[in-house]
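First to last, the sequence lines map onto chains A and B.
Residues 374 to 774, numbered by this note's numbering, are exactly what the first sequence covers, in order.
Residues 374 to 774, numbered by this note's numbering, are exactly what the second sequence covers, in order.
Fair warning: there could be bad hints in the mix.
No copy is singled out in the list; a pair is fine if it fits within one copy or between any two copies.
With a straight-line cut-off of 30 Å between C-alpha atoms, the simulated DSS-like cross-links for lysine-lysine are [stated by the list, open to error]:
#, residue 1, residue 2
1, 705, 569
2, 569, 729
3, 692, 583
4, 705, 583
5, 492, 702
6, 561, 417
7, 692, 516
These aren't lab readings, by the way, just hints derived from the structure by calculation.
2 protein chains.
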Amino acid sequence: MESPIDARRRQMLFTSVAAAGLGTFTPTVLAQETAKPKPKPLPKYAAWKNAESVIVHSSNTIETRRSAFGTSMIVPNDILFVRNNLTPPEQDIVADANAWTVEIAGVRHPGKITVADLKRLGVATLPTVLQCSGNGRGFFGHKASGTQWKVGAAGCVFWSGVPVAAVVESMGGVAEGMGYMTTTGGEKMPAGVDPKTVIVERSVPVQNIKTALLAWELNGEPIPLAHGGPLRLIVPGYYGVNNVKYVDRLAFTDRETDANIQRTGYRVRDIGVKGAPDQPSMWEMSVKSWITHPAGEGPVRAGTAQVSGVAFAGVNGVKRVEVSLDGGKTWKDARFFGPDLGHYAWRQFVLPVEFKAGGNYTLVSRASDTAGNTQPELRQENERGYAHNGWRDHGVKLIVT
Amino acid sequence: MESPIDARRRQMLFTSVAAAGLGTFTPTVLAQETAKPKPKPLPKYAAWKNAESVIVHSSNTIETRRSAFGTSMIVPNDILFVRNNLTPPEQDIVADANAWTVEIAGVRHPGKITVADLKRLGVATLPTVLQCSGNGRGFFGHKASGTQWKVGAAGCVFWSGVPVAAVVESMGGVAEGMGYMTTTGGEKMPAGVDPKTVIVERSVPVQNIKTALLAWELNGEPIPLAHGGPLRLIVPGYYGVNNVKYVDRLAFTDRETDANIQRTGYRVRDIGVKGAPDQPSMWEMSVKSWITHPAGEGPVRAGTAQVSGVAFAGVNGVKRVEVSLDGGKTWKDARFFGPDLGHYAWRQFVLPVEFKAGGNYTLVSRASDTAGNTQPELRQENERGYAHNGWRDHGVKLIVT
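Chain A with its partners taken away, still in its complex shape (with noise of 0.2 Å):
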């Protein structure tokens, strides 16, 4: 399946900006990054996050600062990112996560199922990258709605929990016509509002009950309120969105559910241009990369330097990651480290470099996939700042002493 991005260049609904490939370079890392205004405080459901190693955008968005990005792989729960599209429930619900039920529609014998029985049908783990749909929109010019993320709207993560298909198994099989999966959060509504408008339900195509978890685990702990516990969709390769929080519905339907956030939200589209259902949906993840060490916070010093970084590509793997210290004038192959943890993970990469005292640097990275892609140099425009893997944007700005 193509990602939104592909799907939409494919559909040549370029902006005549985007199409003249006239975006403008702005790895402004050094100005943005590190004047730092008075930090907001964390949202008391996030409370024990740490606090320096993010950037609370507001009480529903939460980033991970470039500069605390390891290289241990996986992206610990304290720091990982945290973007909720509605207030979450209260955090009773994570007290007794076994009693948390969730009804499962669209199957040959639909019932309700609680987490404690979930864990009897079978048990999965897998390593995936959770990005949110708009990580980077805060490198596009034209104001797009939403957090301003930079990279920090992704981590590396172990999920565990149980297999779509062994609980659609349990449940008798698809129900006969059903093409996609719609699953419901378990927020609760806002009083006077109309739920479609408001309501976080998701459709990905039925074909993903093949790789989806219903996780109630995150890197080792049952998952915390502000990840989507006691219970949470994972659709490996998707973008965030698709990993509904807090199921409390997953339903195999013969159409793509009507609510908002999926007819007209999470759609890519010209600059400019409402949301539409017949615009590519925010699904697979596209081929993407970026440099964590140096973060580009302060200067560095003169010497051997060990440059490093992350690269994923959906549901795909990733193939081969290039980086270039002059900002895409010339390229060397960076080298992978760590363990292959499969290709819903991150592969961490490393170029060795000599930076001279008083040079100016900017590094870039690019990946490509086992399915060809290459990142593209440049931002494709489009309304909502969505799925950028741009190279040029995502680089980090040094100066060497």
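Please arrange chain B on chain A, whose structure you already have, making use of the hints.
Then chain B, alone, in the frame of chain A:
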């Protein structure tokens, strides 16, 4: 290389009790793990640990509860066991980790180097099982002195740091005639005591240079003080004590250190015998496994269940895990799940089973490694209760309602 228990077996130094296989069967999980005495408070340097998931034995020994192990491959920092041989240094040594200095000796160009400069030399990421030599001591019958660990003085974690080989290469290579890598911890020596009697200084065979790391990161974050930050030596496949914390000095030496912790400590010998340098040292870990789900804390419901656990084999890979529900009378092969993180990590195993109402089950697991070793049924009796990998003691008694 042989594990210390295998070496000891070869030396034919068994006590008559062990040789006759008369070890008593003590999988008394229900009685011992669920009867919670008033819990000791977490020590200040580890106050950030998840108190509900750990057992505080003393200010220097904290165990992960069997029921707290998840199924996400890794054990997160806040539930990982702690074992310090001395009081840890002051918290301020991790405040500026990059400034920490380590002396490198026994190389052609010896010298001191900061963590900041170590980071310039290379980067590697390695998942390993960290396990205390005395893990399982609580199952011995002779009241071996030391913390009465059951299964929770172990965890699989990601380390990131610089290969020791890269550091040594930058200093001209190992000096001639050096057979050991001898590493010294940075703890403050208590006043009025001969340092040799208390210092944490361990020697391992020099060939470990091929795999060892000087690590600054644990599971994606700077190593906390409790786990040896700012800098810890990681010797993959070796017992925890060799993974020296707060590394102050790393030296290549022609003989093992004569510090007590090496000369007479961490030596496998018969009950009642004093430690001596000719006894096997606690170096390579033996093949071992245990069941984590169900953990035996309370009855389980009849019906289908997933019996799962973890298995590892020191420097060898795990090849096979069998599970028995009847205390070892009959066995079935378990299936591995989750990614294979390499020889030094653990593998997760699972066996789907049917528990009958009113049944009494004794769940045990038995792992085999790629070198042809299989866990023995019984513990090998030894003075300090080291290296317990007998499968019988590690079982879980289960009541099904």
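Exercise for review: Please work out whether the CA atoms of residue 692 and residue 583 approach to 30 Å or closer within one copy, between two copies, in both situations, or in neither?
Suggested key: Result: close both inside a copy and across copies, 23 Å intra and 27 Å inter.
**Study point:** Homomeric proximity label, residue 705 with residue 569: Cα distance no greater than 30 Å
**Key:** Neither: 49 Å inside a copy, 50 Å across copies.
**Study point:** Alpha-carbon proximity between residue 492 and residue 702, which holds within one copy, between copies, both or neither at 30 Å
**Key:** between (52 Å within a copy, 27 Å between copies)
Review point. Is it within a copy, between copies, both, or neither that the alpha carbon of residue 569 lies no farther than 30 Å from that of residue 729?
Key: Neither: 57 Å inside a copy, 46 Å across copies.
Exercise for review: Indicate which option fits the pair residue 692, residue 516 if close means a Cα-Cα distance not exceeding 30 Å: within, between, both or neither.
Suggested key: neither (33 Å within a copy, 55 Å between copies)
**Study point:** Homo-oligomer pair classification [residue 417, residue 561; C-alpha up to 30 Å]
**Key:** Within one copy only: 17 Å inside a chain, 39 Å across chains, cut-off 30 Å.
Practice item. Measure nothing new, just compare the shortest in-copy and cross-copy C-alpha distances for residue 705 and residue 583 to 30 Å and report within, between, both or neither. Key: For residue 705 and residue 583, only the inter-copy Cα distance (27 Å) is at most 30 Å; the intra-copy one is 37 Å.
When each numbered hint is compared with the structure, violations occur for hints 1, 2 and 7.
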